[in-house]
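Q: Protein sequences appear in the order of chains A and B. Offset between the first sequence (1-based) and our numbering: plus 141. Offset between the second sequence (1-based) and our numbering: plus 37.
For the record, the hints were derived by calculation from the structure and aren't laboratory data. Be aware that a few hints might be false.
Claimed, not checked - Residues from chain A shown here face chain B by an in silico Cβ test under 8 Å; the list is partial:
#1 Ala151
#2 Leu273
#3 Arg287
#4 Gly355
#5 Arg356
#6 Ser359
#7 His400
#8 Tyr404
#9 Pro442
#10 Asp443
Unchecked claim - If you want the ones that stay clear, here's a sample from chain A, every Cβ over 10 Å from chain B, calculated:
#11 Ala269
#12 Met277
#13 Arg502
All of these numbers come straight from a predicted model, not from anything done at the bench. Idealized CB from N, CA, C, for every residue including glycine.
Each chain, letter by letter, is given below.
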Amino acid sequence: MKDRGKFGQAEAVVMLTMSGMARIFLPFPRHLAETAGEAAWISSLAGLALAMGQVYLLHLVLKPYPEGNIVDVTTGALGRVAGTAACLIYVSFFIAVAAVFTRTFSEALLVTALPRTPISVVSTGYVAMALLGAYMGLEAMARSARVTYPFVVAGMGILLFSLVPLWDFTGIFPLLGTGPAGVFVKGGILAGGMTEILLAAVIVQSFHGPGAFGRVVSRAMLMSFAYLALLELILLMTDSADVAREYTLPFYSLSRLIHLGRYFQRIESIFIIIWGYIGMVKIVLALYAAASVFAGAFRLPDQRPLIWPLALIIFTASLLPPDLPTTVKIESVYIRHLAWLPAVFLPAAVLAADRIRARRRKNEGS
Amino acid sequence: MKNILKNLVKIISYQPNPDRESFVLRENEYDRKAMQSGKKDEGRDSGRPGASGGNGDQPPGADDPGSGPAVQPGVSRRRPLRKAAKAGQKKDPDPEDGEGRVSSRLDRNRKKIEEIYGLPANRDIVLREFTLGTDPPLKAFMVYIDGLADRATQVRLLQDLMIFAGVPGPGAGKSASLIMKKMLPGSQVKLAETFEEVVYAVNYGDTAFFFDGSGSALVVETKGWDKRAVGRPETEQTVTGPQEAFVENLRSNTALIRRIVRSEKLYTEFFQVGTRIKSDAAVMYLKDLANPDLVAEVKRRISGVKADFVTDVGMLEQYIEDNPYNLNPQTMITEKPDRVAAALAEGRVAVLLSGSPFSLVVPVSMYTQLHTGEETYLRWQYGTFLRLIRNFSFYLALLLPGIYLSVSLYHQEMVPTELLLAIAGNRERVPFPTIIEMLLMEFSFELVREAGLRIPGIIGSTIGIVGALILGQAAVQANIVSPILVVLVAVTGLASFSIPSFSLAFSVRIYRFFYILMGALLGFYGITIGLFMQILLTANLKSFGMPYLAPSGPRTHPGLDVIYRLPLFLQRRRPDPLNPLDDVRASGDPRGWVDGKEGGHEGQG
Numbered sequence: 142m143k144d145r146g147k148f149g150q151a152e153a154v155v156m157l158t159m160s161g162m163a164r165i166f167l168p169f170p171r172h173l174a175e176t177a178g179e180a181a182w183i184s185s186l187a188g189l190a191l192a193m194g195q196v197y198l199l200h201l202v203l204k205p206y207p208e209g210n211i212v213d214v215t216t217g218a219l220g221r222v223a224g225t226a227a228c229l230i231y232v233s234f235f236i237a238v239a240a241v242f243t244r245t246f247s248e249a250l251l252v253t254a255l256p257r258t259p260i261s262v263v264s265t266g267y268v269a270m271a272l273l274g275a276y277m278g279l280e281a282m283a284r285s286a287r288v289t290y291p292f293v294v295a296g297m298g299i300l301l302f303s304l305v306p307l308w309d310f311t312g313i314f315p316l317l318g319t320g321p322a323g324v325f326v327k328g329g330i331l332a333g334g335m336t337e338i339l340l341a342a343v344i345v346q347s348f349h350g351p352g353a354f355g356r357v358v359s360r361a362m363l364m365s366f367a368y369l370a371l372l373e374l375i376l377l378m379t380d381s382a383d384v385a386r387e388y389t390l391p392f393y394s395l396s397r398l399i400h401l402g403r404y405f406q407r408i409e410s411i412f413i414i415i416w417g418y419i420g421m422v423k424i425v426l427a428l429y430a431a432a433s434v435f436a437g438a439f440r441l442p443d444q445r446p447l448i449w450p451l452a453l454i455i456f457t458a459s460l461l462p463p464d465l466p467t468t469v470k471i472e473s474v475y476i477r478h479l480a481w482l483p484a485v486f487l488p489a490a491v492l493a494a495d496r497i498r499a500r501r502r503k504n505e506g507s
Numbered sequence: 038m039k040n041i042l043k044n045l046v047k048i049i050s051y052q053p054n055p056d057r058e059s060f061v062l063r064e065n066e067y068d069r070k071a072m073q074s075g076k077k078d079e080g081r082d083s084g085r086p087g088a089s090g091g092n093g094d095q096p097p098g099a100d101d102p103g104s105g106p107a108v109q110p111g112v113s114r115r116r117p118l119r120k121a122a123k124a125g126q127k128k129d130p131d132p133e134d135g136e137g138r139v140s141s142r143l144d145r146n147r148k149k150i151e152e153i154y155g156l157p158a159n160r161d162i163v164l165r166e167f168t169l170g171t172d173p174p175l176k177a178f179m180v181y182i183d184g185l186a187d188r189a190t191q192v193r194l195l196q197d198l199m200i201f202a203g204v205p206g207p208g209a210g211k212s213a214s215l216i217m218k219k220m221l222p223g224s225q226v227k228l229a230e231t232f233e234e235v236v237y238a239v240n241y242g243d244t245a246f247f248f249d250g251s252g253s254a255l256v257v258e259t260k261g262w263d264k265r266a267v268g269r270p271e272t273e274q275t276v277t278g279p280q281e282a283f284v285e286n287l288r289s290n291t292a293l294i295r296r297i298v299r300s301e302k303l304y305t306e307f308f309q310v311g312t313r314i315k316s317d318a319a320v321m322y323l324k325d326l327a328n329p330d331l332v333a334e335v336k337r338r339i340s341g342v343k344a345d346f347v348t349d350v351g352m353l354e355q356y357i358e359d360n361p362y363n364l365n366p367q368t369m370i371t372e373k374p375d376r377v378a379a380a381l382a383e384g385r386v387a388v389l390l391s392g393s394p395f396s397l398v399v400p401v402s403m404y405t406q407l408h409t410g411e412e413t414y415l416r417w418q419y420g421t422f423l424r425l426i427r428n429f430s431f432y433l434a435l436l437l438p439g440i441y442l443s444v445s446l447y448h449q450e451m452v453p454t455e456l457l458l459a460i461a462g463n464r465e466r467v468p469f470p471t472i473i474e475m476l477l478m479e480f481s482f483e484l485v486r487e488a489g490l491r492i493p494g495i496i497g498s499t500i501g502i503v504g505a506l507i508l509g510q511a512a513v514q515a516n517i518v519s520p521i522l523v524v525l526v527a528v529t530g531l532a533s534f535s536i537p538s539f540s541l542a543f544s545v546r547i548y549r550f551f552y553i554l555m556g557a558l559l560g561f562y563g564i565t566i567g568l569f570m571q572i573l574l575t576a577n578l579k580s581f582g583m584p585y586l587a588p589s590g591p592r593t594h595p596g597l598d599v600i601y602r603l604p605l606f607l608q609r610r611r612p613d614p615l616n617p618l619d620d621v622r623a624s625g626d627p628r629g630w631v632d633g634k635e636g637g638h639e640g641q642g
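The task is simple: from the sequences and hints, build the whole structure.
A: Take a look at the structure:
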């Protein structure tokens, strides 16, 4: 396998954070408001706890292999055939995530700014950038994420705090919203599934190896979930949970509400640059991870020849759903639930198999 | 057929990507250890293969490959003359081979010089024979190029030779060295054993003397061509700070730098660049500061240039930069010695070339290209203000026309109603789509700029201002463009002029057209695609191994002189991405008087 590129922990944290916060620009905050009501922001904290659990699980999986990543550990623990099959599940997961995000971001653009542009044109833009980003490699991606992050933070700050005049603290009461089960269990499960944890396990060798995995990914999760919780909080305070449930794109709808005098209003289009950019980062990383896992599973020396065909698959798959509601349904009903298989169950199986093998080797050795 | 098949298979089969990243400026184990122990010189000299011994004062490159003043150029690719081949004559001995040595017979040397320079047809070359009044008399001749050599120096030389002619005649084969020691005591004289050395020196304004019976020639420095005096900078004007600029003379330029950097650790190494027409390139760096890997890489790249002809650092830059296909400039070109001195003091390397009134500085980041040096001479508040204005204008120059197109074509809701109505009212009479309007104006602006540069003297500047005003006004009156567009293009133009690096401003001008197209095609989404591409390509770039967007991408020690220019006394570390041998500028407060101490000399790096 070719050198994947090296970058620092700061770049890794920022890149994973930006990828992890992509969902806050899509209909996801609305789902959370539907599930947890006025306590949607607390659900994101419950999701954070679950995500931290996943980070710990993958930390345990990767820890004994300082030179490996999740692909190496999976193929090593489950054997050649089962390991490759498991890696293909990872690949399918990343492809599905990339396709769904490509379609959702493209639809969001049609809704907000380009109503008369064909969806295929917008999707082509996303996939073309994904191709470029994945081809240039992780190092360039991480650096560009690091460079743009201050602008993202500034944009988020402007958006969230320009709404101060509209805040109404009664929006977050009752504090437990739809009740503990809805908030902590359903909401937590909905919010807790994060692609970036598995993604980090694939690219772990690029940021100082498994030793830094827990530190980097947990920081990225903290930051991603902080953005989610903050957005939910402001969404609930600006509009009530009932209004939030009606929004297709809550972030966009919030930005439409900004009105600070005659010349500082209706600036929602400016935010297209921020969320369009972050959407590209998300799709690039998913494509890169898919290509990287595929190359690793089949022991190919370089993942770059795979990028073009995989991008084509993502582009085609993104156009399969007939409309935005179907895409959202696929994402929330199928992918979010099935994601637990590659994100938790497979790594848990790998961990178990690896420990059994290790014990067997130890017994044979003694 | 076989080749076609082979190429087809090559196209459809997997080919590993070439590893283009040949050099990365990294901190290595040695650097880290040396920083800790504070014993860099000893460590480096003992630890690095090919390093110059244990004594830090020994000139670098004494045993480094590709260094030193006499780097051999690449093998000449000149074809042999057809005439010689037809006549069945022997091929001219190449000056680089063994037959190119100076003969002890004067007639042979004269014949050889005549052959090399094509005498007597070549009228610039002067070959003068004379006889020295020694006992016995010694026949000799001198050769020089009229116009390059200084007549007064030559007359003095000949006088010296005549005045000291009373000394006994030299022994066979030793006349040149004896004359050098006894008859030309005060001049810069050296012995040349080969015609290559002789020709190189003569082509550079020196005078060569050949003496009968001597197997070597004397080369005396008589350079004396007309040259421009050191003047004010013309492309990097500043209100404050030194007002000197480089000239075309290499030695004057190195002296200008050395006059500011008065340090025995300032090393100047010379290289010849150009296989057919040779130029001298000088690599300057502070031995105790610049990263040795960086210095070695600069020397490696310069000595690896096999171009036949390099006359300006702008050409040299294109041969040695990391990625020639990226729009961003990867070196800094400056005409100000004080900027070069400041760069050397940070651990960078400067490259000068004979005949070029500019210097290359490497490595640089994108942020360096937005600095002028003037901010340092101003108080930090003013400097920071200037930097912020300049950074803002960088984004304006890049994005303003594209954003205007996006807003007016796709995102009209952003514009307040009154302004929108005003814009629409003005646009009503314009028959073109906004994108055509914009391209027309931008093209006209570029035209005025180019014409203003090319038209000579005072007319040029007049046409620049008057042309722009008249064109804009007339275009509005003729309903070809709307007034707001004239304002927009003018502001964009002003913003692009405020970018100090000419090369960076060029890249911004080209990128701007790309953003205009993207904004017109897809609104803010198009701008996002453009930004994503540009940032990615720029983040992937390196300048002599240093990441181009450092210290923000990758994140390194941020420093206080990047986007802002915070107080000088707080800037206690050198730029981290350069990995200098000593990254501490001042370990304590440089204002030593604050604590009642004598001064801030303690612990300075």
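Q: If a hint holds in the structure, say so; if it doesn't, say that too.
A: Against the structure, the hints come out as follows:
Taken as an interface hint, A/Ala151 checks out: its beta carbon lies about 4 Å from the nearest beta carbon of chain B, inside 8 Å. A least Cβ separation of about 6 Å between A/Leu273 and chain B falls short of the 8 Å threshold, and the interface hint therefore holds. For A/Arg287, the interface hint holds, the least distance from its beta-carbon to any beta-carbon of chain B being 4 Å, beneath 8 Å. About 20 Å separates the beta-carbon of A/Gly355 from the nearest beta-carbon of chain B, more than 8 Å, and the hint is not met.
For the restraint placing A/Arg356 at the interface with chain B, the shortest Cβ-Cβ distance is roughly 15 Å, beyond the 8 Å limit, so the hint is violated. Evaluation of the A/Ser359 hint against chain B yields a violated restraint, the C-beta minimum of about 19 Å exceeding 8 Å. Taking 8 Å as the C-beta contact cut-off toward chain B, the hint placing A/His400 at the interface is violated, the least distance being around 11 Å. Interface hint at A/Tyr404: satisfied, since its Cβ lies 5 Å from the closest Cβ of chain B, which is below the 8 Å cut-off.
At its closest, the beta carbon of A/Pro442 sits 7 Å from a beta carbon of chain B; the interface hint therefore holds under the 8 Å criterion. With a least beta-carbon distance of about 6 Å to chain B, the hint placing A/Asp443 at the interface is held under the 8 Å criterion. Listed as outside the interface, A/Ala269 is inconsistent with that label: its C-beta sits roughly 8 Å from the nearest C-beta of chain B, within the 10 Å cut-off. Not every Cβ of chain B is farther than 10 Å from the Cβ of A/Met277; the closest lies at roughly 5 Å, contradicting the non-interface assignment.
Taking the minimum C-beta to C-beta distance to chain B, about 34 Å, the non-interface status of A/Arg502 holds against the 10 Å cut.
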